Amino acid sequence: MIAGFLTATTAMAQEKPVLTVYTYDSFVSDWGPGPAIETAFEAECGCDLKFVATGDGAALLSRVLLEGEGTEADVVLGLDTSLTAAAAASGLFAPGRQAGAAYDLPVDWTDPTFVPYDWGWFAFVYDKTKTDTVPADFEALAKSDLKIVIEDPRSSTPGLGLLFWVKAVYGDRAAAIWEGLADNIVTVTPGWSEAYGLFLEGEADMVLSYTTSPAYHLIAESDDSKAAAAFSEGHYLQVEVAGKLKGTDQDALADQFLAFMTTDAFQSVIPETNWMYPAVTPVSGLPVGFETLIRPEKSLLFPPEEAAAIRDSALGEWQTALSR
Amino acid sequence: MADRAQPLSAGLWLGAGTAVALILALTLGTLGAVLGRAGSFAGLAPADWAALRFTVTQAAVSAALSLALAIPVARALARRRFPGRGALITLLGAPFILPVIVAVMGILGIFGRSGILNDGLAALGFDRVSIYGFGGVVLAHVFFNLPLAVRLLLQGWLAIPAERFRLAAALGFGPGDIARHLERPMLKALGPGIFVTIFLICLTSFAVALTLGGGPKATTVELAIYQAFRFDFDLGRAALLASLQLALCAITALVAARFAVPSAFGAGLDRPVARWDAGSAGLRLLDTLLLGLAALFLLAPLAAVMVAGLPRVLALPEQVWHAAIRSLIVACGTTIVAMALALPLALAIARRGRTRMLETVGMLPLATSSLVTGTGLFLLLRPVASPGDLALPVTVAVNAAMALPFVLRALIPAARDLEADYGRLAASLGMQGVARLRLLTVPRLRRPLGFAAGLTAALSMGDLGVIALFADADHATLPLQLYRLMGAYRMADAAGAAVLLLALSLALFWIFDRGGRADAGA
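Those sequence lines, one after another, are chains A and B.
Per the numbering used here, the very first residue in the first sequence carries number 1; after that it's consecutive.
Per the numbering used here, the very first residue in the second sequence carries number 1; after that it's consecutive.
Keep in mind the hints are simulated off the structure, nothing from the lab.
You may find that some hints are simply not true.
Unchecked claim - Calculated pairs, DSSO-like style, for lysine-lysine (alpha carbon to alpha carbon, straight line, at most 30 Å):
id, chain 1, residue 1, chain 2, residue 2
1, A, Lys-298, A, Lys-147
2, A, Lys-147, B, Lys-217
3, B, Lys-217, A, Lys-143
4, A, Lys-16, A, Lys-50
Predicted, not measured: the structure shown is a model, and the values here were computed from it.
Using the sequences and the accompanying hints, generate a full structural model.
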């Protein structure tokens, strides 16, 4: 039986060139962007696009670092700006800048290596039918009786994003803010799925997610009860990127894929599968329903090097404040 | 126990040797691979020591409580006959095989902020209680492990020959005498091993501890390993922490082996046990109450999961069903491999005099971090083959190794009794090899074998360990698919997939365990 598995998978015809793209798990799921993008790209490249899923975004980077120069990956898709400094420092990635792309990002994109494909603002999502007073910043949240569930920055990228968000807004006062938030935090989960699940089960009034999360409920479930709280001090960004490996044996195909990422065929799939904003707004615009979402005026984002530099001390502050 | 160590046959040597080799490769071998790849070795931070303290404390409390609660429940199950008893025993096993996230959702459905308990308290005008924190962690771990402890103890009770109880009745023993002469020796023999098993399960937990622990206070060593891997890519630190975890396991197992005293009952004729001692109305009431409470505690969260997911099961997307079939194949493969490895190992342990080392090896998989195992295997296998191609075989091998400690816990006591009671007879008859296996070993070990096979299959069904590191897009198992549904916001479908997973795991458990269920052969 075991041998059967082996032959079944290796026996797939390999006449066409294969472009191997490492990505995170939810990207390749049947409900994620993967399948539609695979079809669209294969229609124009005459190749076999092979997605390899590796867990979440952080696991993706450690997988590539683990494999080093011998990696089978031609392209890595799904890192975010809290991880790109470490990725770039590994020396495994080749320049992939798409000079002509007209990005619709809230920040200027000048990174020479990584190509952004979608983005979102972190936000606290709540249920409009259950919560009337919505805090407008972290201090108001800390003073309120609202119960929140957040992700652990040591095991998830949203958790890390929240850490940077508080740091970006409050700087040296971040530790004090965390101490104020301590009695609002019901619990800290290992990842986004657990946190969002707890919120939907009614374990918390708010959950750390994205401003785009309510769009899922509205569009896919016709449920307009969820909303994201707008914070006047600004929202931290997550920009998801892809990069080409230096050691790729499909250099031209990898370039073609990076360019394809900025086209309509790729970008139009993103909003309703990854539930994030596309990096380049498709010609047809955003799906109906996205116009109901809050759009923070101020976007916060540490440059990758700065994020990497402050991570450990910010983590220490967080741990100390919440362990009291 | 046999008076002297008897020589092992070639088949036993081969099977036991393979099992030991597989375990060592998957635990120490993978750890070595990670250590070998690590460039530098930073020391442990103060936070790591705090994590270690928390980990050990919660594991010790969880294990002690699970075992203490399991004793009266298992006793009640052992001495009562009632309609639906077999179904109840199977159902009580369910929490142990659920993926963490599903079980946690079930627990919160009852004990959570807006769970039934708190809604009830609020309706009666009481304050709501919060289970997040140390108490929540212990509650969840008891929920997971009480069923395992009950089942392992129940095996012990059923292994006491019916003739002993008959004799006890003839001698006019009361419940106190029965406890002193028959039950306590059995508990003394099984207790330490069960405690260690549960202690080790709780030692490597991190999703439960974090989710219900309420925050950074509830940090476990496993989370530190996860962090070292995922965000720091510090293989040296991850390997160091994993070594610490293994050392802790080895010490615990060695200490427990010191206390384990084999029971000596002598052979029985396997008649169903009539319990003349437990007929009084007071004891009947006590047992009914105990079973009722245990069933309520273990089944109410499962009911919460069922209620949430049942309406969605039939509407589940096709891919979920494909994943379910893949999981079933993996679970059956795992069971075959695990049984083929565990039986010779258990027999070898039972037949040799000094086996503390072998037993400790058998416990190792419990203390290994699945991240370290996955990563180490990855490092070892990648030069040989593409990880995606190996996803399912690797999952089978790792799941089989991970199940071995539970299987051994179930098999070893029975194998020891078998050896003590029939070893010399079989040897004097010249019973060897397949004949001995067919005529003596398998029939005598049917009960624990069935239970162990059921447990292995169900555990493998719910496992989310290494598959995540190896699987490519097309090789998702049911638990992985469940997480993917959650990742795509499809929580209702995920609840449906959870019910499917629960149903399939229980069905597998029931089918395998059937031959070993208490009422079988009665």
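State the violated hints by number, sorted upward, taking the hints as numbered earlier in the document. none
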